[in-house]
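Trainee: The residues making up each chain are set out below.
Number of protein chains: 2
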Amino acid sequence: MVTLKQLAKELNVSISTVSKALNNSEEIGEDTVKRVKELAELYNYTPNKVALSLKQNKTRTIGVIIPNILNHFLAKVLFGIEKEATNLGYNIITCISNESLEKEKESLMLLANGSVDGFILSVAEETQIKNEIDHFKKTISRGLPIVMFDRVAHDVLCDKVIVDDFDATYNATKDLLLENRKNIAFVSNINDLSVGKLRERGYAKAILEDNSQAPLILNIKKKDDHQKKIKSFLKKNKMVDAIIAADSSSGIIAINTAVNLGFKVPKDMSVIGFASKADSNHSTPRLTTIRQHAKVIGANAAQMLIDRLQKMHLNEDVKTKIVRTSFIKSKSTLK
Amino acid sequence: MVTLKQLAKELNVSISTVSKALNNSEEIGEDTVKRVKELAELYNYTPNKVALSLKQNKTRTIGVIIPNILNHFLAKVLFGIEKEATNLGYNIITCISNESLEKEKESLMLLANGSVDGFILSVAEETQIKNEIDHFKKTISRGLPIVMFDRVAHDVLCDKVIVDDFDATYNATKDLLLENRKNIAFVSNINDLSVGKLRERGYAKAILEDNSQAPLILNIKKKDDHQKKIKSFLKKNKMVDAIIAADSSSGIIAINTAVNLGFKVPKDMSVIGFASKADSNHSTPRLTTIRQHAKVIGANAAQMLIDRLQKMHLNEDVKTKIVRTSFIKSKSTLK
DNA sequence: TTGAAAGCGCTAACAT
DNA sequence: ATGTTAGCGCTTTCAA
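Keeping their order, the protein sequence lines are chains D and L.
One point on numbering: in the UniProt record's numbering, the residue at position 91 of the first sequence is 91, and numbering is uninterrupted.
One point on numbering: in the UniProt record's numbering, the residue at position 289 of the second sequence is 289, and numbering is uninterrupted.
Keep in mind the hints are simulated off the structure, nothing from the lab.
Check each hint, because a few of them may be wrong.
The list cannot tell twin chains apart, which means a pair is met if one copy fits it or any two copies do.
To be verified - Restricting the straight-line Cα-Cα distance to at most 20 Å, the calculated cross-link-like pairs of lysine to any residue (SDA-like) are:
1. 329 to 171
2. 311 to 2
3. 311 to 154
4. 130 to 214
5. 228 to 12
6. 231 to 277
7. 223 to 286
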């Protein structure tokens with residue numbers, strides 16, 4: 001990499017002249033500016049980012065901590081973050097907590113050494129189970145703002161971007177009730193997560209309000225055989241005529257399993273699930289889905305963080321933004 | 001962030017003494033070391049990463065450029081890269097090229113300003129179509145090594161990690177021939193990519209060697225309705241009794257569509273596809289898959305790059321590592 | 001055993 | 001209009 005020093009030497013001027021010329025300072029003479037710019041162009045000069053960061057005490061880099069990059073929703077949020085951050089002139093350093101509290105802490109510590117200006121993260125499963133929040137608070141008190149999305153720690157005072165999980169599931173369940181379904185089950189693979197619990201509660205509320213049926217819930221663990229669990233559940237609970245799925249796989253598997261067991265979907269069995277467009281292609285008929293607009297969530301998180309960084313209203317009140325889901329009717333439910 | 005300067009002031013010693021003490025230099029007296037370390041501990045001192053990078057002219061950061069983070073395979077490679085990089089003490093800055101040549105170039109340029117020590121990337125679709133490689137060569141000549149994985153540019157001299165796409169598809173096709181399949185079709189959603197072409201060739205070779213059937217290929221474009229295309233293909237080509245799918249969705253959709261059309265899988269229709277474990281759960285019966293060990297690919301890429309960075313054998317010969325696929329038999333093929 | 005000073009690449013206040 | 005200098009935080013050589 002060519003430096004200001006080298007340019008200055010070659011041009012027989014001082015370093016600061018070169019610097020000013022490149023930064024279009026009024027102070028420098030026209031022809032000097034021209035000479036400098038030409039040589040800089042020739043040598044493909046770019047200001048050293050590290051030196052700038054050191055000088056200005058900010059990196060224009062955001063630390064992003066994702067619990068699981070293989071989760072399609074989280075990957076899509078990351079996509080949204082990256083895109084928005086790039087647009088606003090920021091880079092992102094990505095860490096994957098792998099749902100582990102320890103790794104989450106480590107990532108936070110490791111990047112809080114000047115590598116990044118702030119964080120965007122979704123809380124790891126283990127962290128939610130153990131309900132630890134000290135590492136977040138410590139990071140914020142060190143002057144590094146955090147924006148949390150989707151899985152948030154409610155007791156940490158910071159900006160948040162969340163989904164209307166409760167309402168979305170409540171409304172979806174209501175829809176099934178309007179289809180006159182008599183035994184609506186709830187299937188989830190994410191019972192440990194805050195969002196999983198919210199979705200379950202939304203479902204339960206709608207069911208309990210109906211007064212004619214009781215909640216029927218199947219919680220599947222990560223290590224379980226997903227297909228088998230759903231199959232035996234359907235065999236055991238023969239009267240089930242509708243399913244709400246809290247995660248993207250359960251809905252798909254439910255449809256495919258039901259079809260295989262001889263149910264007509266949606267006639268005998270109506271299915272709604274949280275899923276992306278790509279997922280919804282994986283069942284026949286296509287899954288009626290609750291879409292989470294992951295990209296929008298990511299973009300919002302990036303905006304909120306960068307906004308805070310630039311204004312450095314660190315004392316300004318924190319905001320919580322709710323990104324509403326969309327309900328996309330397809331062929332796995334009646335219309 | 002607390003700095004050496006602040007510690008020095010508080011301890012009434014010089015900055016260099018503090019620095020040496022913290023780095024366990026022999027020069028410094030025992031008690032001084034102790035005093036310094038205690039205060040550093042108290043204040044949670046960590047060396048400023050940016051200052052270190054500037055001083056040492058290396059960042060211990062890798063730029064990763066991924067064409068599409070929503071592709072499960074690529075996401076998994078990223079997972080592997082992140083894990084291995086973290087283990088070896090490196091951070092990763094992630095850019096998403098979104099299959100665009102322009103964005104790929106930009107990312108390369110933007111990070112080649114001292115932000116990273118080298119790159120790991122998979123070539124964007126547009127770049128492969130236009131066959132552009134100048135930006136890669138330029139980056140390497142600026143002293144930033146590149147490791148390419150999966151979709152590589154063969155004419156760029158750099159380390160590479162690839163999959164045995166040709167052999168894997170060839171062997172899988174052979175397997176179907178051994179099942180005595182008479183009309184084996186090839187379905188692909190990734191015809192534009194180098195790996196897509198390799199897979200098609202592996203299939204075609206096996207078919208042509210058989211001498212009793214001709215290649216039958218369905219290329220689906222990104223904008224097509226995936227389900228519809230496969231359905232009409234199966235309706236039009238009624239004699240098809242086996243399918244090789246080049247991408248993860250086509251195999252799943254093929255099975256579900258076939259079942260819906262009344263085929264018995266695997267009796268009437270045998271299906272093999274490149275897919276991950278998670279994907280293979282999305283069909284009933286489960287898809288017999290060619291697994292790509294994405295995590296291993298990522299880990300290998302990280303190792304190769306970091307190895308080169310640390311030895312800085314920049315002139316050393318470049319290596320190409322082939323990570324072999326596994327063939328996982330499931331219920332969508334006969335045994 | 002400790003400290004002073006230089007330098008990584010850059011900007012900006014302050015000379016000239 | 002151009003140059004000198006200091007300083008961001010750190011390591012390291014050289015001097016005391």
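Trainee: Each hint: holds or not?
Mentor: Hints versus structure:
Taking CA atoms no more than 20 Å apart as the test, residue 329 paired with residue 171 passes inside one copy only; the shortest distance there is 13 Å, against 41 Å between copies. Taking the shortest alpha-carbon separations for residue 311 and residue 2, neither the intra-copy value of 33 Å nor the inter-copy value of 23 Å comes in at or below 20 Å. Taking CA atoms no more than 20 Å apart as the test, residue 311 paired with residue 154 passes in neither setting, with 24 Å inside one copy and 47 Å between copies. Within a single copy, residue 130 and residue 214 get their C-alpha atoms no closer than 30 Å, and across copies no closer than 60 Å, so neither meets the 20 Å cut-off.
For the homomeric pair residue 228 and residue 12, neither the shortest alpha-carbon distance inside one copy (77 Å) nor that between copies (69 Å) is at most 20 Å. Only between protomers do residue 231 and residue 277 lie at most 20 Å apart by alpha-carbon distance; the minimum there is 19 Å, versus 24 Å within a single protomer. In this homomeric assembly, residue 223 and residue 286 come within 20 Å of each other (Cα to Cα) only across copies, at 17 Å, whereas the closest approach inside a single copy is 26 Å.
Of the numbered hints given earlier, the model fails hints 2, 3, 4, 5; all others are met.
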